[in-house]
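**Student:** In case you want the letters, here they are:
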Amino acid sequence: GAVVSQHPSRVICKSGTSVKIECRSLDFQATTMFWYRQFPKKSLMLMATSNEGSKATYEQGVEKDKFLINHASLTLSTLTVTSAHPEDSSFYICSGRPSTDTQYFGPGTRLTVL
Amino acid sequence: GNSVTQMEGPVTLSEEAFLTINCTYTATGYPSLFWYVQYPGEGLQLLLKATKADDKGSNKGFEATYRKETTSFHLEKGSVQVSDSAVYFCALSSPGSARQLTFGSGTQLTVLP
Chain P
1 GAVVSQHPSR VICKSGTSVK IECRSLDFQA TTMFWYRQFP KKSLMLMATS
51 NEGSKATYEQ GVEKDKFLIN HASLTLSTLT VTSAHPEDSS FYICSGRPST
101 DTQYFGPGTR LTVL
Chain W
1 GNSVTQMEGP VTLSEEAFLT INCTYTATGY PSLFWYVQYP GEGLQLLLKA
51 TKADDKGSNK GFEATYRKET TSFHLEKGSV QVSDSAVYFC ALSSPGSARQ
101 LTFGSGTQLT VLP
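Just so you know, the protein sequences line up as chains P and W, in that order.
Be aware that the first sequence starts at 1, since it is given in the numbering used here, and climbs by one per residue.
Be aware that the second sequence starts at 1, since it is given in the numbering used here, and climbs by one per residue.
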């Protein structure tokens with residue numbers, strides 16, 4: 001099956017620093033990648049949709065200058081949380097979608113901002 | 001807009017019990033329907049899917065049938081195991097350029113030995 005990796009799996013950082021999370025599709029080309037945020041015992045909240053080589057489309061209420069998304073190739077997308085604060089602590093999950101309608105999810109990144 | 005309503009949990013069953021997790025949806029057009037499973041501390045894994053009415057998705061003993069007349073996609077398994085303990089998400093994807101997923105709220109399943 002299609003495999004998506006995320007790195008790092010866990011990150012702890014100080015308030016005010018920036019953190020980059022990588023999402024890679026390992027055995028398929030992801031025309032579109034998605035970034036989600038998940039709060040404890042809650043469903044996934046879509047943050048943004050990105051297509052390779054173009055700007056990401058952010059969902060309402062998601063600050064694009066806070067959460068920078070780059071989708072430079074068909075196998076790599078990055079999410080940078082800039083000037084992170086404790087309220088940004090969360091579980092971030094990416095997914096990749098090839099040409100079909102099925103999304104394949106990464107294992108998630110646990111971000112803790114102190 | 002699109003929405004997915006999922007049976008609220010948590011659900012606790014004994015091993016070998018029968019499982020049903022209800023899922024109904026509202027969508028324009030003809031969506032594809034999915035069940036994803038999330039084990040503790042992990043991302044989501046695709047469990048099964050169905051892309052048109054009357055299709056049955058199945059995997060690892062789990063089944064769900066796309067019922068357009070009742071707009072439902074209930075998840076069933078005849079005999080659950082302790083290893084099935086996880087959170088289950090029902091989701092839909094509508095035709096369109098983005099084909100974003102709309103998720104249900106998730107159902108926590110705990111299977112006791």
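Hints in this document: simulated from the structure, not taken from any laboratory.
Just to be clear, a hint being listed does not mean it is correct.
Taking beta-carbon pairs under 8 Å as the criterion, some of the chain P residues facing chain W (in silico) [what the hints assert, rightly or not]:
(1) Cys13
(2) Lys14
(3) Leu46
(4) Gln103
(5) Phe105
(6) Gly106
(7) Pro107
The structure displayed is predicted, hence computed values, not measured ones.
In this text, a Cβ means the ideal position worked out from N, Cα and C, and glycines have one as well.
**Student:** If a hint holds in the structure, say so; if it does not, say that too.
**Tutor:** Now for the hints, and whether the structure bears them out:
no.	hint	result
1	Cys13	violated (19 Å)
2	Lys14	violated (23 Å)
3	Leu46	holds (6 Å)
4	Gln103	holds (6 Å)
5	Phe105	holds (4 Å)
6	Gly106	holds (5 Å)
7	Pro107	holds (4 Å)
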